[in-house]
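Dock the two chains into a complex; use the hints.
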Amino acid sequence: MNHNSNTYWDLIIRTKSGWFDLHLSDLWRYRDLTMLFVWRDFVAQYKQTILGPLWYLIQPLFSTIVFTVVFGRVAKIPTDGLPPFLFYMAGVTCWTYFADCLTKTSGTFITNAGLFGKVYFPRLTVPLSIVISNILKFGIQFLFFIGFLAYFMIKGAHIKPNYWIFLMPYLLLLLAGLGLGAGIIISALTTKYRDLQQLVTFGVQLLMYATPIVYPLSVVPEKYKWLALANPMAPIVETFRYAFLGSGSFNGIYLLYSTGTTLILLLFGVILFNRVEKTFMDTV
Amino acid sequence: MSDIVIQVENLSKYYNLGVVGTGTLSHDLNRAWAKLRGKPDPTLRIDQTIQQFNNSTGKASDDYIWALRDISFEVKQGEILGIIGRNGAGKSTLLKILSRVTAPTSGECRVKGRIASLLEVGTGFHPELTGRENIFLNGAILGMTKEEIKQKFDEIVAFAEVEKFIDTPVKRYSSGMYVRLAFAVAAHLEPEILVIDEVLAVGDAQFQKKCLWKMGDVSKEGRTVLFVSHNMVAVQSLCQKVMLLDKGEMVQNGPANQIVSNYLRYCLTSTQMDQVWKNQDEAPGCEEVRFRRISIQINDQDNNMITMETPFLVIVEYWNEIPAACLHITLHIRNEQGIVAFTTGSCQEPGWNGQSLEKGIYRSICHMPKNLLNSGRHSITILVVRDLANIIYMYEDALVFDIVDNRDRSGGWFGKEPGVVQPYLEWKTEYVGSKIPSQRLLKR
Ligand SMILES: Nc1ncnc2c1ncn2[C@@H]1O[C@H](COP(=O)(O)OP(=O)(O)OP(=O)(O)O)[C@@H](O)[C@H]1O
Ligand SMILES: [Mg+2]
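If you read the protein sequences in the order shown, they are chains A and B.
Just so you know, numbering that gives the first Met the number 0 puts 167 at position 168 of the first sequence, and the rest follows in order with no gaps.
Just so you know, numbering that gives the first Met the number 0 puts 234 at position 235 of the second sequence, and the rest follows in order with no gaps.
So here's chain B without its partners, still in its complex pose (with noise of 0.2 Å):
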């Protein structure tokens, strides 16, 4: 097994979060005087000392954190490693310590090979230089020479594509432009580890896609790739073995589907698809309607996760207390974005007629389609609607929870599409003939 080229022991990093020393020079002087004269230390807490002791027993106190706990792993030459894992989990710490930004607090990191790393895009770009002039400090400073800058320079540019704008400073770019030059410059070092900390979240779609190709062919070539990204699709089609952090700790290593598929379904834990009261005054609503139950089902009961291909049934329960109202409910669906997507209503059931609902306990149940809504959270907001005008009731967010992306798309773009809905609409190519005739098409 001489194919590890890297290996991780036993690698923790703790960051202070309050100040360290005092950090000016004469509270530190003050400290010192007092010391040399044999008085207690001006400055600092008695809680300090209780609080070290925690740290090393285990406990996280409000003074220091772990940002990573006892990781070991290794990686073999050609892998693509995902590294995922919620905010804060570590990830960018990991990367940090593996490009040397930061030492780490105990435990050790073994490398064979030349390390580059990718942490943000465009480091160090001047904005005064041109881009010609910014490739060759920017390729510098990630660790090529200036002969290795001048041979891939021709390519860079193209695959910048800034041709036009090489002799003007990057000040004028724009940050689109200016984001596709720098990940160029990184893109076409040739170091044998390469290090990516979630920089492909800019650039434009089509860019994007690009840049997880030249990935690909990266490791295609031999060299190995260590990839964070809260992008899912794009690491289980790009990465074979994922390692999924939770507060500095490795939860899981392994195969990527299925770590990834653990991770979506733990990250659905604050969500909210149900919601019962028992009792009518504590329930929300007004006084003429109260909520008895709001709840998201899914018809596939041994999976609980909705995908953008499973259909579920937004069921609103309600206690009706206006003897002959006509009343209806009403949904607003939201994407992260706060973008309606698209209101629906009960009134939208066939026969409906505005007839007037007794006292009592009603139930609406609307069924959601597959293939309607886009991957991502969403939350719906529930609305009573009484005389087909008047809102009597509005509950916000009152249902919260995700779509996961799991279309397949192998080989292709395999970052999320934009737009509010993803519905599957009807296609049809047929071939027409080999030549044809303008005015034909015209007449169509």
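Isolated chain A (complex conformation) (with noise of 0.2 Å):
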């Protein structure tokens, strides 16, 4: 048998593969880890606090609330129309899953370091983890929303669900991808850049503010939109609130974008999140 051979080994361990050498298949074998990753989150958070799935409530309802107060009563930004309270609920449980899964994913190499430089799995499990792990909260957050509009609803309010919310598990895919893309690629370049991990939380921040949350984007100038639609959030965003209740705006051509840009951050961090993880353990 010829040794030298590439096919009688089953692993070839050298100092750098190819960019496109992504070892995806490795993710599909450890697919029990990535679902025991899951289920660990969920075990430990749930054993160390009892009010965790409260808070789950507690924190969208408080910040509609402020919104409401803040935006709607004091600052008076129109909402095509909608009850207020509705219209940022709407806003805030779409982005509060897409904030949670970038801040999460993003630490992933700084807060897993005793692990990585034990054992070798896939490093992917563990961003795809958490990301799953936050559908659970986000189903919680959801299924709130949804009481919230029935009650809206049987009140009378002006509010027309269409059947455009069968793109709902569309939506949330593409929520997923954004952050969980934008997410390690922070987590990559922090390996590097130390103090780029206390610029997130302050980012995410900003970066709602640009997004339509607190606004619709039908009160965005004409000469702005633009800008606000380079958000590959916006049309999400946008596209959530329409088929929920019925007023905003829509357009296929800017969802098109959504999953250009989503499907491009993800390539674009599959690969530099395979890049680190050779050799970031050496650096921590």
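Hints are computed from structural coordinates only; laboratory data are not their basis.
All of these numbers come straight from a predicted model, not from anything done at the bench.
Don't take each hint at face value.
Under the rule of at most 27 Å between Cα atoms (straight-line distance), these lysine-lysine pairs were calculated in the DSSO-like manner [claimed, not checked]:
id, chain 1, residue 1, chain 2, residue 2
1, B, Lys145, B, Lys209
2, B, Lys75, B, Lys163
3, A, Lys159, A, Lys136
4, B, Lys151, B, Lys170
5, B, Lys246, B, Lys277
6, B, Lys75, B, Lys209
7, B, Lys163, B, Lys213
8, B, Lys213, B, Lys151
9, B, Lys358, A, Lys46
10, A, Lys46, B, Lys209
11, B, Lys145, B, Lys111
12, B, Lys277, A, Lys46
13, B, Lys111, B, Lys163
14, B, Lys213, B, Lys111
15, A, Lys46, B, Lys369
16, B, Lys240, B, Lys75
17, A, Lys277, B, Lys149
18, A, Lys277, B, Lys111
19, A, Lys75, A, Lys136
20, B, Lys145, A, Lys136
21, B, Lys369, B, Lys427
22, B, Lys34, B, Lys75
23, B, Lys358, B, Lys277
24, B, Lys34, A, Lys191
Set out below in structure tokens:
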């Protein structure tokens, strides 16, 4: 048997492999691990605080109330003719999921340094599990939102949910993809620039105001609309509101643009992440 | 030769000891801005380029360290390869590369089969989760699927002996139980190649023994083991082949016995077994007494090692400046933990009755019998005592030496036995009969 033929060996460890050598099949092989991480996050959190799930509800409720008072009552920003409370809550629900995915995955390398230094497994399982376990939280908040929606409809508010609500799973996928993509890019960069981590929370805050969360896209002056739409989050949030509340702007092209951006961000993120995971351990 | 499972070729790895980039975004932006304007890099030190050059020519410098240099070797299926060397030799680095925790700087490793690595026990254990939950989590981290873990679950729990606590959060475990559970999970992995870094240093003696047995079994099943340890007895009894690393280079690679004894001999260099002072003024001591020579001598001249079965002499020569003094020398023998194993004094000489010594040079010799001290590093503190009560001079750690464990315990426990001393005592077991009335036992 020829030892130099690469088919004999199952694994060849070299200094660096190609940019596109992503080992995504490994990720599939370790799918049990991904799910166990999800489950661990859930169980550990549940064991530590009984208030955990309750907190999930308090958080968006509080933000929504603050927004309603500050932007609705005081600043009097129009809400496309929708009840302000529902308008803000729709935005907050979407945004929380995206922001959670981004901030939590951005710390992947730093928070798991101990584990990564001792054992090999596809590192992407960690951010992936974060995105998945946050779906649970999103689910609870989403049902909460649906509850309020029903309440407002019974009270006869002017709301028209439509067939676009079937796009919901797709919107969720986009939110997850965007959060994950941006998060792992930042996580890869934080291994080089430690001060980036502190910027993340602040950056996400800023980004929220650049996204039509507290204002509808329709109030953005025509001159700056392109700028608002360059943000891939904008079409997602607008579509969400359009589907569930029946008012706002919806445009298939914009959504397609979001999809493209998500894919590019994800691909770029995975490549960068794979680069960093090989030598990251030497620098901690 | 189709049974080679690991082939390593010219493997090297260097680590940056200094800061790689500047580590913060603001500095690097600063740097990029300076570059754009054509100014010199404000954060680069002048000597950095020189150092880089030095490294490519092989000299070590402050900012880089070659943790591994040009290592090449092969491992066959079913072999247990021991990897030994002093602290910082690069053993862990080699295992880290093989287990893909970090990438090499150059060179290549080719592997056939699945590798599981155990660089630390209990990696990924979550304190809030129960033993049962952690078995699943840890197993998955080490590369098992849920199904595999389910099949092995009972075996793992039995091996770890934690049945009673299996539904208790591991934060309530004693550290020994924690280690046991962690090792049990790892021991039941079924990879073709198992890579283990010094994880057996923890856990109690009985459990260590069990682990080593388990490792022996693993290789009998045709699986390959790479094993790093500082426990020479374990290495010698488990491994057929041993690789000795020093400062990142492979010094020797060959049969276990030979390499281990070479290594032990080479380790003895940091001991201090003979000190001579020609000049009385420079010698340690006080006004009354100065040392002339302090040494340990071994009768067996062709072997420079002290094993547990080597008798040796401690020789103390001194100048006595006091006329008609009642002097004697006392030795305190300490082990690695600083525990005094025993003390002994020249006043124990038969016929010693406190007779006074005239001025001049004296020599006291103490015979250390074989089978007395346990293995490991020891030191001797020498005291000069006057009138059986006053310590007039104390020379701490005057002698430092290692005792090597060479007792043959093939098949048995090959870790270090506990205890300060390891005497061979007289034992006798006799047959007393097949049925003994209990009174007879009591009467005796
Ligand atoms: N992440 C790192 N960054 C910089 N230097 C490192 C890093 N890891 C290891 N080193 C250096 O590489 C060398 C080899 O280390 P390694 O851990 O492989 O030693 P070892 O043989 O396992 O030692 P020990 O017996 O103490 O476990 C050491 O000099 C160490 O300082
Ligand atoms: Mg080590």
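Q) Which of the numbered hints are not met once you compare them with the structure shown? A) 2, 5, 9, 10, 12, 13, 15, 17, 19, 22
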